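Protein chains in written order, with full-length UniProt numbering: chain S, 1 to 227; chain E, 1 to 227.
Heads up, none of these hints are tricks.
Since copy identity is lost for identical chains, a pair holds within one copy or between any two.
Calculated lysine-lysine pairs in the DSBU-like style (CA-CA distance at most 30 Å, straight line):
#1 131 to 208
#2 65 to 102
#3 56 to 29
#4 114 to 225
#5 9 to 43
#6 121 to 131
#7 107 to 118
#8 131 to 56
#9 146 to 55
#10 216 to 56
#11 142 to 43
#12 43 to 65
#13 190 to 55
#14 65 to 142
#15 102 to 123
#16 55 to 142
#17 214 to 43
#18 114 to 56
#19 102 to 27
#20 43 to 107
#21 131 to 225
#22 135 to 9
#23 107 to 214
#24 146 to 56
Read the hints as simulated data drawn from the structure, not as lab findings. It should be emphasised that the depicted structure is a prediction, and the values quoted were computed from it without experimental measurement.
Chain residues, written in single-letter form:
Protein chains: 2
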Amino acid sequence: MEEEEGEVKLFRTWSSPFALRIVWALKLKGIEYDTVYEDLANKSSSLLEYNPIHKKVPVLVHGGKPIAESLVILEYIDEIWNQNPLLPQDPYQRALARFWAKFGDDKVWESMKKVFMKEGKLKEEGIEEAKENLKHLEEELKAGGKRFFGGEVIGFVDVALGWLANLPSVLEEVIGLSLITQQTFPLLSKWTHEFANAPIINQHWPPKQQLVTKFKAMHQIFMNKQA
Amino acid sequence: MEEEEGEVKLFRTWSSPFALRIVWALKLKGIEYDTVYEDLANKSSSLLEYNPIHKKVPVLVHGGKPIAESLVILEYIDEIWNQNPLLPQDPYQRALARFWAKFGDDKVWESMKKVFMKEGKLKEEGIEEAKENLKHLEEELKAGGKRFFGGEVIGFVDVALGWLANLPSVLEEVIGLSLITQQTFPLLSKWTHEFANAPIINQHWPPKQQLVTKFKAMHQIFMNKQA
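All chains, full assembly: derive it from the sequences and hints.
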């Protein structure tokens, strides 16, 4: 395939969980690529040129052509490089995978953000929403009866939800709240360990203490805004 | 294909723009299906069973298996029935189509909702955001130089953005604001007319006066909440 000849470049930050999805996908498929680390306080002209709409990471540039939005990039990677497929082959199973990945972004991520960024009543609402959303994931794992959302190997949904395998533990250190435990969500808790420690995945986590420091500073800013 | 034998059923409301995407896609592909009209104030037990997470329309049920989330359903339909493809064949063009469809939901729709639901400063913010987002669509049409976002025929992005071809004119009657005109966004304005009047699309619009009545009532509720 001609595209396979093209240079692959990933614009990321050291901490973006959305960029991490792309790192995992490329590594799982064994694709060589160059990394450009962005400082979001001082974005490169290349990033602004490649993602003029959102001006965010990740951006994947393949043979000079840029793609933004991490779930869109994942689909692209899966279509271009067929080895170790992320999405299932069956159209119905593919639809379910896309559904859960979207659920992760629209609902789980948004509720967690509310927990982290808000105070008082809004934070309490966020906690209830997060628990409700995590319950759906727990039930999905139960229904599947497999190690991963994707079955016996890591798939699209696992990569999309991968941030759940480390950010909640960072959240715990910053705001003292444990959302995913063996008691509350046993299968999801088991999944976070299995996923976090799986080959390839386990080599690419950002340093936890560095994340805690960053999120503590961010949390302080949000709290000051509401004070 | 075995799936082609399965019964196709669409759960929708008469007015949902997201459900309309599925109507268009099925009709463009010439798929026979049954329609179940839902009253969202009194949801059927089938809807709650088929979409327990979001409890929303549209839901497509194919051979007894339910799929929720309109963009996910569109991908499924395109994978199951190959005729009149919605997504392009080329992986990079597919990625761009998915990017713009997501942009439509995450940015354009959200900014329009803000215009419609908010008052004062928030509404003004919404108007600025909506204009900025529509400008991106205008530029995309200009770059493509074609009748539709999908080229010379209606594609994935056209179907996803189809609500732009009627809801802004409803908005105009309800809150007296014209966002897409020949003066402000000439190509987008032309596209709304081309799309709205295209064969198949033009047969399935909900009655405009009925939409105006519905949106007027909704708008009143939002305004009362903020009063």
